[in-house]
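> Here is how the chains run, residue by residue.
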Amino acid sequence: MKESIFRILTNKQIAHDTYEMILRGNTEHITRPGQFVNIKLDGFYLRRPFSVCDLEGDDLTIIYKVVGSGTEKMSTLVPNEELNLLTGLGNGYDTKSSGKAPLLIGGGAGVPPLYWLAKELLAEGKQVSAILGFNTSNEVFYEAQFKKLGVSTLITTADGSYGIQGFVTDALTNLESFSYTYACGPEPMLKAVYDAAETSGQYSFEERMGCGFGACMGCTCKTLYGDKRICREGPVLVKEEIIWQG
Amino acid sequence: MARLTVNLCGIELDNPIIPASGTFGFGYEFAELYDINCLGTFSFKGTTKDPRYGNPTPRIAESASGMLNAVGLQNPGVEAVISEELPKMRQVFDKPVMANVSGFSIDEYVYTASRLDVEEQVGWIELNISCPNVDGGGVAFGTSPEMAAKVTAAVRAEVKKPLIVKLSPNVTNIAAIAKACEDAGADGISLINTLLGMRIDLKTRQTLLANTTGGLSGPAILPVALRMVWETYKAVKIPIVGMGGVSSSEDVIEMMLAGATAVGIGAANLIDPYICRDIIQTLPETMDKYGISNLKDIIGGAHG
Numbered sequence: 001m002k003e004s005i006f007r008i009l010t011n012k013q014i015a016h017d018t019y020e021m022i023l024r025g026n027t028e029h030i031t032r033p034g035q036f037v038n039i040k041l042d043g044f045y046l047r048r049p050f051s052v053c054d055l056e057g058d059d060l061t062i063i064y065k066v067v068g069s070g071t072e073k074m075s076t077l078v079p080n081e082e083l084n085l086l087t088g089l090g091n092g093y094d095t096k097s098s099g100k101a102p103l104l105i106g107g108g109a110g111v112p113p114l115y116w117l118a119k120e121l122l123a124e125g126k127q128v129s130a131i132l133g134f135n136t137s138n139e140v141f142y143e144a145q146f147k148k149l150g151v152s153t154l155i156t157t158a159d160g161s162y163g164i165q166g167f168v169t170d171a172l173t174n175l176e177s178f179s180y181t182y183a184c185g186p187e188p189m190l191k192a193v194y195d196a197a198e199t200s201g202q203y204s205f206e207e208r209m210g211c212g213f214g215a216c217m218g219c220t221c222k223t224l225y226g227d228k229r230i231c232r233e234g235p236v237l238v239k240e241e242i243i244w245q246g
Numbered sequence: 001m002a003r004l005t006v007n008l009c010g011i012e013l014d015n016p017i018i019p020a021s022g023t024f025g026f027g028y029e030f031a032e033l034y035d036i037n038c039l040g041t042f043s044f045k046g047t048t049k050d051p052r053y054g055n056p057t058p059r060i061a062e063s064a065s066g067m068l069n070a071v072g073l074q075n076p077g078v079e080a081v082i083s084e085e086l087p088k089m090r091q092v093f094d095k096p097v098m099a100n101v102s103g104f105s106i107d108e109y110v111y112t113a114s115r116l117d118v119e120e121q122v123g124w125i126e127l128n129i130s131c132p133n134v135d136g137g138g139v140a141f142g143t144s145p146e147m148a149a150k151v152t153a154a155v156r157a158e159v160k161k162p163l164i165v166k167l168s169p170n171v172t173n174i175a176a177i178a179k180a181c182e183d184a185g186a187d188g189i190s191l192i193n194t195l196l197g198m199r200i201d202l203k204t205r206q207t208l209l210a211n212t213t214g215g216l217s218g219p220a221i222l223p224v225a226l227r228m229v230w231e232t233y234k235a236v237k238i239p240i241v242g243m244g245g246v247s248s249s250e251d252v253i254e255m256m257l258a259g260a261t262a263v264g265i266g267a268a269n270l271i272d273p274y275i276c277r278d279i280i281q282t283l284p285e286t287m288d289k290y291g292i293s294n295l296k297d298i299i300g301g302a303h304g
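Read top to bottom, the protein sequences are chains A and B. Using our numbering, the letters of the first sequence correspond one by one to residues 1 to 246. Using our numbering, the letters of the second sequence correspond one by one to residues 1 to 304.
Rather than coming from a laboratory, the hints here were simulated on the basis of the structure. What you are looking at is a predicted structure, and each value in this text was computed from that prediction instead of being measured. Built from N, CA and C at the ideal position, the CB exists for glycine as well. Take the hints with a grain of salt, since some may be wrong.
[Stated by the list, open to error] Selected chain B positions facing chain A (Cβ under 8 Å, derived; list incomplete):
no., residue
1, 24
2, 57
3, 71
4, 271
[Said to hold, decoys possible] Taking lysine to any residue and the SDA-like style, the derived pairs with C-alpha atoms no more than 25 Å apart in a straight line are:
no., chain 1, residue 1, chain 2, residue 2
5, B, 203, A, 45
6, A, 40, B, 220
7, B, 49, A, 227
8, A, 191, B, 204
9, A, 222, B, 86
10, A, 65, B, 205
11, A, 222, B, 51
12, A, 40, B, 274
13, A, 40, B, 33
14, A, 239, B, 54
15, B, 203, A, 135
16, A, 2, B, 38
17, A, 222, B, 80
18, A, 73, B, 200
19, A, 40, B, 57
20, A, 40, B, 198
21, A, 73, B, 64
22, A, 40, B, 280
23, A, 2, B, 92
24, A, 228, B, 76
25, A, 73, B, 207
26, A, 222, B, 28
[What the hints assert, rightly or not] Now the in silico label distances, taken between C-beta atoms and shown as ranges:
no., chain 1, residue 1, chain 2, residue 2, range
27, B, 212, A, 16, 30 to 36 Å
28, B, 91, A, 160, 53 to 59 Å
29, A, 194, B, 183, 56 to 62 Å
Work the whole structure out from these sequences, hints included.
Shown next as C-alpha cells:
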C-alpha cells in the first residue's frame, strides 16, 4: 500500500453515467489486476474504492459509474486536478491458475478490472474470452477495447437492445469450452455465474468499506477458509471458498 | 522530545498520541507504512472472551464530516489474541500497549482482562463499557453509574495493571459515571466512544447499516467529545484519555486544554493512515505557535 498524489490526465464520459479517468502518479505498489485504489475527494469523509482498469507505466485507468454524490463530484473533475490515492489495495486476481482458455465475465461496473486481467492473461499466451453484461445498449462500454486486445468478446444486455438478450449466463451456451472463470459484478450475477460455470474460478466482491486497507473490519465476509476482509484478503475469492449469504 | 511526554497512570508516554481501539487493528497494517514506535502507545482491537464475527454488512456508512460503523466487536477471541496477535504485534511495537477489553457479562470482562493483564507487553487494560453496536454487552454496562462501578470494581479486584474505563457518550450525565468508575478503583477514564446514529437510503427506503444503527465518529463529534472531557475533568482526579474526532495537532492541544492527559485518534486513521505519525511530527511546531513549551503544562488548561 502507498499513499500518493495523482494528477488527472483525462476524465471523460464513455457510456450512460459511466466515466473513464486516467491518472498519473506513482503506481509501483499496484502489482496485480483485480486490486483497487481508494480515492480521497474534497468534501467527502470516506475514500472511494475503484478497481484498476488498466495500468501503463505511471498511468492508471479507472472506470466509474455515477451512483451517488461522491461519484457525481468525480465526474466534474478536470485534467490537471490532483487526487490523493491509496494504491496497491487488495489481493487481486491470480493468473497462474487459469489454464489455457480462461473466460472473463463482467457485469456493469464490474467490467473494468477484467480489462487489465485480459491483458495479463494474453501476455501469458492464453486464449481469452469475455462475456460483458449490461442493462441496456447506452450503458455498454469497452467492447471495442476488449476486441482490440484479441479477446473473443460477447455482449449481453438485459433488455436485448444490444448484443445477446439476457444476462451474462445466457451467453454461456454460445461459448465453446473454457478452462477457468474470472468474474466481477453485482452479487446476484456472481452467484448465477458460480452456479452455471462448471470450472473453478475467481470472483471479485464488493462491500462498503471504511479504510480499504484492513484496519476497521468494516467489510468482513465469511468464507470456507475463515473470515476475510474484502479489502485485504479479498476482493477476489476463489470459487471453492465462497459462502453465499443469501 | 521531552516536551511531548505525559504520564498516563504511572507509565511515561513519549507523546500523548494513542490510536484508538478498532481503528488500528493490532498495529501491523500501519507498521507497513511507518515505524509505529513513534506513537505514545495504541489501543488494540476490542477483545472478548470468545471469537466474534461481528454484525452483518454493510457495517459502514458516511455522513457529513464523519462516518458510522456497526462492526460489532469482530475479534478472534482472547486466546487467539494472546497466541497469534500479540506475538506478531511484538515484532513491530516495542512499547507497552493498551489492551481494550469488552464483554457480555461481568464474568467475561474479568476473565478477558485477567488473561491480558499477565501479558508482558500489556501496559494498561482499557475496559470498553461503551460499544453501541452489540446487544446485551458493551454499552449496557456504561449507561448507569451503578453498573459501571460494579464491572470496574470486579475487574479492579483481579488485575494489577492500570485500569482505564472507556465511557459512552450516549448518556445524560457522563461525569456521574466517570466518578462512579473512579470510586470503584479505575486508574483512568477514556472517552468518548461513538455516538449512536443512523442513515437511511432514499432509493431503497432502508437503513444504510444492516444493524440499523451504528456509532458516529470523525470530526463531526469533536465538540461533543470536548464538552464531555471537560465535564469529566471537573468530576474526577484520575487522568483522562480524550478522543472523538481528533484529526490534527491543533485538535490534540484543544483536547488537552479540555482536560485530557493523552489523546486518542480514531476514525482519522482510516482516512489518512499516516495521520498519527504526522500529528506527532507537527505537534512541536503547533506548540511553538501557541506558546506551549511543555504539553504537560496545558492539561486542563482551559479550566482556569
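> Now tell me, hint by hint, if it's right for this structure.
Hints, one by one, checked against the model:
no., hint, in the structure
1, 24, "holds, 6 Å"
2, 57, "holds, 6 Å"
3, 71, "holds, 5 Å"
4, 271, "holds, 6 Å"
5, 203(B) with 45(A), "holds, 21 Å"
6, 40(A) with 220(B), "holds, 18 Å"
7, 49(B) with 227(A), "holds, 18 Å"
8, 191(A) with 204(B), "holds, 22 Å"
9, 222(A) with 86(B), "holds, 24 Å"
10, 65(A) with 205(B), "holds, 21 Å"
11, 222(A) with 51(B), "holds, 13 Å"
12, 40(A) with 274(B), "holds, 14 Å"
13, 40(A) with 33(B), "holds, 18 Å"
14, 239(A) with 54(B), "holds, 24 Å"
15, 203(B) with 135(A), "holds, 18 Å"
16, 2(A) with 38(B), "holds, 19 Å"
17, 222(A) with 80(B), "holds, 18 Å"
18, 73(A) with 200(B), "holds, 21 Å"
19, 40(A) with 57(B), "holds, 22 Å"
20, 40(A) with 198(B), "holds, 23 Å"
21, 73(A) with 64(B), "holds, 15 Å"
22, 40(A) with 280(B), "holds, 22 Å"
23, 2(A) with 92(B), "holds, 18 Å"
24, 228(A) with 76(B), "holds, 12 Å"
25, 73(A) with 207(B), "holds, 23 Å"
26, 222(A) with 28(B), "holds, 22 Å"
27, 212(B) with 16(A): 30 to 36 Å, "holds, 34 Å"
28, 91(B) with 160(A): 53 to 59 Å, "holds, 57 Å"
29, 194(A) with 183(B): 56 to 62 Å, "holds, 58 Å"
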